[in-house]
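Using the hints, put the two standalone chains together into the complex.
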Amino acid sequence: MKPLTNLSLRWKIPLRVMFAVLGTAFLITTALLVKDYEEMRANLERNARSLGSLLANTLISPVLHDDVWRAFEILRSVRIEEVPAMSDAASPLLLVIDKERRIFVANEPRRYPLGALVDELRGDVGQMAKQVKWEGNAQQQSITVPESNTLFVISPLVTDGEALGHVVLGYATTAILPHYRELVLRAFWITCLAMLFILPVSWIWARRTAEPLLALASAMRHVPDRLTEAEQAALPESGDEIGQLSAAFRRMIAELKLKQELEEQMVVSERLAAIGRLTAGIAHEINNPLGGMLTAVKTWQKHGEHDPIAAQTVSLLERGLTQIRNTVAALLVETKLQDRSLEPADLEDIYLLVEGEVHARHVTLQIDSNLSAPLPLPATPIRQILLNLILNAIAASPPNGIIAVAVQCTESRHLLLSVCNDGDPIPENQMAYLFEPFATQRKEGHGLGLWVVYQLVKQLNGGLSVESHSGRTCFLVEIPYALPD
Amino acid sequence: MKNDPAINTDMAAAPFSRRTALKALFAQAVGLSFPLPGHSSVDAPLRIGLTPVFLDDQIGFLTHWREWLERKLGQRVQFVQRGSYREVIELLRTSKIDFAWLCGYPYVRYRDELRLVAVPLWRGEPTYYSYLIVDRSQPQLRRLTNLRRKVFAYSDPDSNSGFLYPQYAIAQSGENPAKFFARTFFTWAHRKVIEAVAAGLAAGGAVDGYVWEMLAEIHPQLVQGTQIIERSPPFGFPPFVANKNIPEALETRFRTALLNMADDANGAQLLRLLRLDGFTTADDTLYDSIAWMAAYLNLPRT
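So the sequence lines, in the order shown, correspond to chains V and R.
Using this note's numbering, the first residue of the first sequence is number 1, and each one after it goes up by one.
Using this note's numbering, the first residue of the second sequence is number 1, and each one after it goes up by one.
Everything labelled a hint here was simulated from the structure, so no lab data went into it.
There is no bait here: all hints are sound.
Derived contacts from chain V toward chain R, CB cut-off under 10 Å, selection only: (1) Asp-66; (2) Asp-67; (3) Trp-69; (4) Arg-70; (5) Phe-72; (6) Glu-73; (7) Arg-76; (8) Val-105; (9) Ala-106; (10) Glu-108; (11) Pro-109; (12) Arg-111; (13) Pro-113; (14) Leu-114; (15) Gly-115.
Quick list of simulated restraints, FRET-style, between CB atoms: (16) R:Arg-272 <-> V:Lys-130: 52 to 60 Å; (17) V:Ser-77 <-> R:Thr-252: 41 to 49 Å; (18) R:Glu-90 <-> V:Arg-41: 51 to 59 Å; (19) R:Glu-125 <-> V:Glu-147: 57 to 65 Å; (20) V:Val-158 <-> R:Thr-252: 55 to 63 Å; (21) R:Asn-260 <-> V:Leu-64: 46 to 54 Å; (22) R:Ala-178 <-> V:Asn-149: 38 to 46 Å; (23) R:Arg-272 <-> V:Leu-64: 38 to 46 Å.
Predicted model only: the values in this text are computed from it and were never measured.
Even for Gly, the Cβ is constructed at its ideal location relative to N, Cα and C.
This is chain R alone, in the form it adopts within the complex (with noise of 0.2 Å):
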């Protein structure tokens, strides 16, 4: 990435308001809805977080999908991606990029710093599920407290599906969930955990059901080695999510530009390799289930 946010984002903090005005103007001069691509890619891009949420390594998909993003915005799109969403969720916090595809539990953690902008549709609702995975090598795992004493893996601490949900589960069954593995990893990536599952390293893991199914349909050879033993009950997919400090039009512009993506005859392309109908607008009380787990796990434990 040749323009790091993390580099210059102390500068561009102050000067915010002042461009957006500026570009505001500009498009009122010039009377179109919405500005020349070629004008507005001289200007500080737009910046995108995103997370493992989905299958964020797929680069030429998201060249195409950054392409039709910048045709709608009238303007650049730059995808941040890094390691864990920590780091993701603090480059957002810290204005240092604009917008992100979060997981819902950082969401409702950080919700009166963020604004929610728009929820992916995957089978016709926004919601999708916390799958409990084994390594089907070994058919005696069949529920969750088969896993005891064993090596766990979860994707991501600020993941719901693969870590607040599973510790969630141990948790309503009785047991400690610091103390319930014999040993537990990070890998980082839903998709690594089907790998760490697969190949034998964990006997079992928590993913998000919806990269699940993906990988299922695209690389049916990756999720051959696992074995869905337990799925959540349904959970505010994850959502793209803003700033509040972003100006209210770049954030409806946005927002638009995914409500409308179905609509788009490319959009629905790009819909279709993520394999979900659409975007809609969602009530905040969509997470109000992963808000009550997350502080249900909060409470002091005896």
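With the rest of the complex left out, here is chain V (with noise of 0.2 Å):
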């Protein structure tokens, strides 16, 4: 039973719709062949009593004058083609008995010889005669002995109303089977033809109809590890329930996905807000004895005795206090809030900021701008972020690359950034460390722009995503901004 059970519904379906059909074509074929053995049977004694009527009245004559050979060439005579439905090989028993209940003429005279009681024979005959009424019935009779599948047709021989005798007419009931087994055959030949077209067809249809359950699923096994190939299964679309599943299916799949994307962008956030504050913890502890050191570095170059090597000790201790200080700085982003407003022509300063750079890498810089005013939104912060991406644009670029720079206001308020080049893409392992500090991969650079960029965006309450594919790699800024009163 349990490997039935387990069995796939490609093999489920078409089986069971095959049984179905072999099913309804047996009980079909079934019913009607017990239709027509009834039939038979009923058409068997209907021909008999009409034969047993016929044999009655043209006995009359002989039997009334004695005329045995008469009554035989009559009874020779029935052929068994008056008998429909009975083989060829058995023909009736046809008997005439006289009043005394004598075999006058039988059509098997060697069996049941003339002159015999019919009383005193032995066999059906014999047991048919116990249960015929004799005597006073004008009606024909009809009595089935059972253990030979005989029936019975008595008719009696009247004239005058006088009774003259009986016609008997015996009918093996199995020699109809000769007959109907060939009936069966042909059922059973024709349904074999019927299935050879029918079985086929439905296989075909069953098969079908599994299909699209057996395509979701297949998609559905996908789930959770490979999202994207679940979605990207051929699923079928119909108005029918499967229709709805996949519909549903899809849903849950676009919803998973989302899940799945948030969850990882949560992830890197929170990464990043942890590194933000241990940073900013780290700077603030490392700021205030810095600023000691520095101020007591100044203190000794004003005051302090001008010796050469102390003073040449003195200057490396400043300069690598002074990095310590900057590398600081830079992981400590803060924005200041009282600042100018971003101009158009903060635009074009960035422009020059980076011409240099771009003529040495042989790549072109195209800004494209709908900035015609000043937006409330501080300058210094915003061409920190432009000028840290198109840096790494164009260090990501190769000769003669396209670095596609886009800002726009959008009518909800939003200011957008794109910095797009069609150098090679981000490799995915790299993703989610991107916005770190000192992630970076490329020789060059400290790894800290990316990380000012992410943390002056999220002070400013904006969002940052990344694009990258083959070809293309866009970093897209959204910050939100505020009309003033």
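Okay, structure coming up:
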């Protein structure tokens, strides 16, 4: 039972359909055959009765005149063709019985000799004789002897109200069996022929019914590990339940994917936030002694003895401490809220700032802007964001590459910045750590550019995203602004 | 049959002599030894009664024989067949037919009313036999006495071979022929006696030996189921007889036709089909043995 339950619908549905088709064919054929048998049987009796009364009429004169030979000739003339549904081999038994219940004549004289008393006969005729009402019965009687499956029809020979005897017709009802067997065989072959056409059609039809379910099931096997493949699977498009199921499945996949992306983003931003808090804490802890140390260096330079070796050492200390301060300052990005607004001219400044680098790398920089008036956003961080992104793009761009920068303010009061280059895509395994400090894979640069961009965008309550496909990598920044009252 | 002699014989009986006379006159006037068929066929036909002393159910053969006779006699010929010997005998005795092929037994009974015309030759002799046949599937039946209390088939109560002789044989063995068998019946034809015995309807039967032998030749499957257990002594073959009242000339003409049949090419062919060698004239005494048997059986019995 178990293997059957576990069988794939690919087989289960067609097999069930086959079973249903075969079962139906079997039942219908059986019902028809049973009906045919009943009809044959009824026909046999009807025939026997009509033949019996015909013989009874014909035999009156020979019996009346004691003409055994003519009676025999009449019985002999009953051809088997007059008895439909009987096989040729089995002719009916015909007996003429006189008033004394002796056999007047029979069509099988060897078995039923002339003058024999029917009551004394052995076998089915004797059994029949015991059941027949011989006296005063002018009606035909039908008697079946079950032991030999023989149907007897007894017709009285009556002339002028006087009973002369009886005509007995005996049909072996098994004699219709060969004919019936032929019928069954024919029905079997016809059914087989019909099945030959119906079965392949139903098989294909059943397979087609199973197919959408199978497609859905195979798509489901990709969940939850390979959502993209599950999303791309060819699912049935139809209005029926399977179609609805597919649609629901698609929605589920889309939501799962969204959830997965959100989770990934959350992990990234939580990590970045943690790094931010950590770096801010460290920066503060470093800044306090650093300030003291730099002040001490300054004080020594101003008031100390000017020993050349000491001065050289202090200068080395000063440069080192300054580098620490710069690095800490870069880690600890802080936006000054009091700043001038962003103006179109800022974009031109940026162009000027990177022009040297553009020429050195032989790339083309296109800046497309719809900025026409100052925006209520601080100019410095925006400039820093753009500058960092463009410098990154130039570094990632191949020679003769194109860097496309777009600056747009939307009606929903968002500033959209996009910086795209046509260099190699960012490898998948770097994506998660892209904005983390010192995460760079490049030789040059200190790996703080994107960290700064990230910190600035966050502080401006904006959003940041990266799209990196083959041949095109875009950084998208979206920063909301409010109009001054 | 279009012209039923039974209907128009009453009229035919009276003008008979006149018609024959006219015919004779006509024959003289034209100067021919026999009249033209075309002329005579307008006359009343020559009526010949047939009985199942031979296989009278071969319609094709009868047509050819009738046409042959018409050519030879120069007169239309009509064969008259009836269900039993008795009906044919009655037709002959009442002059409703002119000739008949009868069994020897009715001939001896009505000898003074009839005239012997010709006797067939079978196997070179004007005699035949009665065969006592039994159901071949009952091999214990080897002689007549084995048939006691059995069912027996006779052909016709007016038949010598199919009734008179077996009755005589039973009487000869000291039994009462009326009580010897359990049941008897008539089939009204020798051929049907054979069929009845072969089918097992009767355990035994008596048949014309000539008919049995002929059937054995042309329908062997019919006689296969039967076995001959006794043959009678020879009896006079069923003869062609004439009503005593018919003109001598007509009788002579018919006799001549039959006697010359073997010499005629077509006639000989017809005879071959009948398995006969020809016809002969025979003395009346040929049938005395039949007459004696009839007389023997008519003796009062205790």
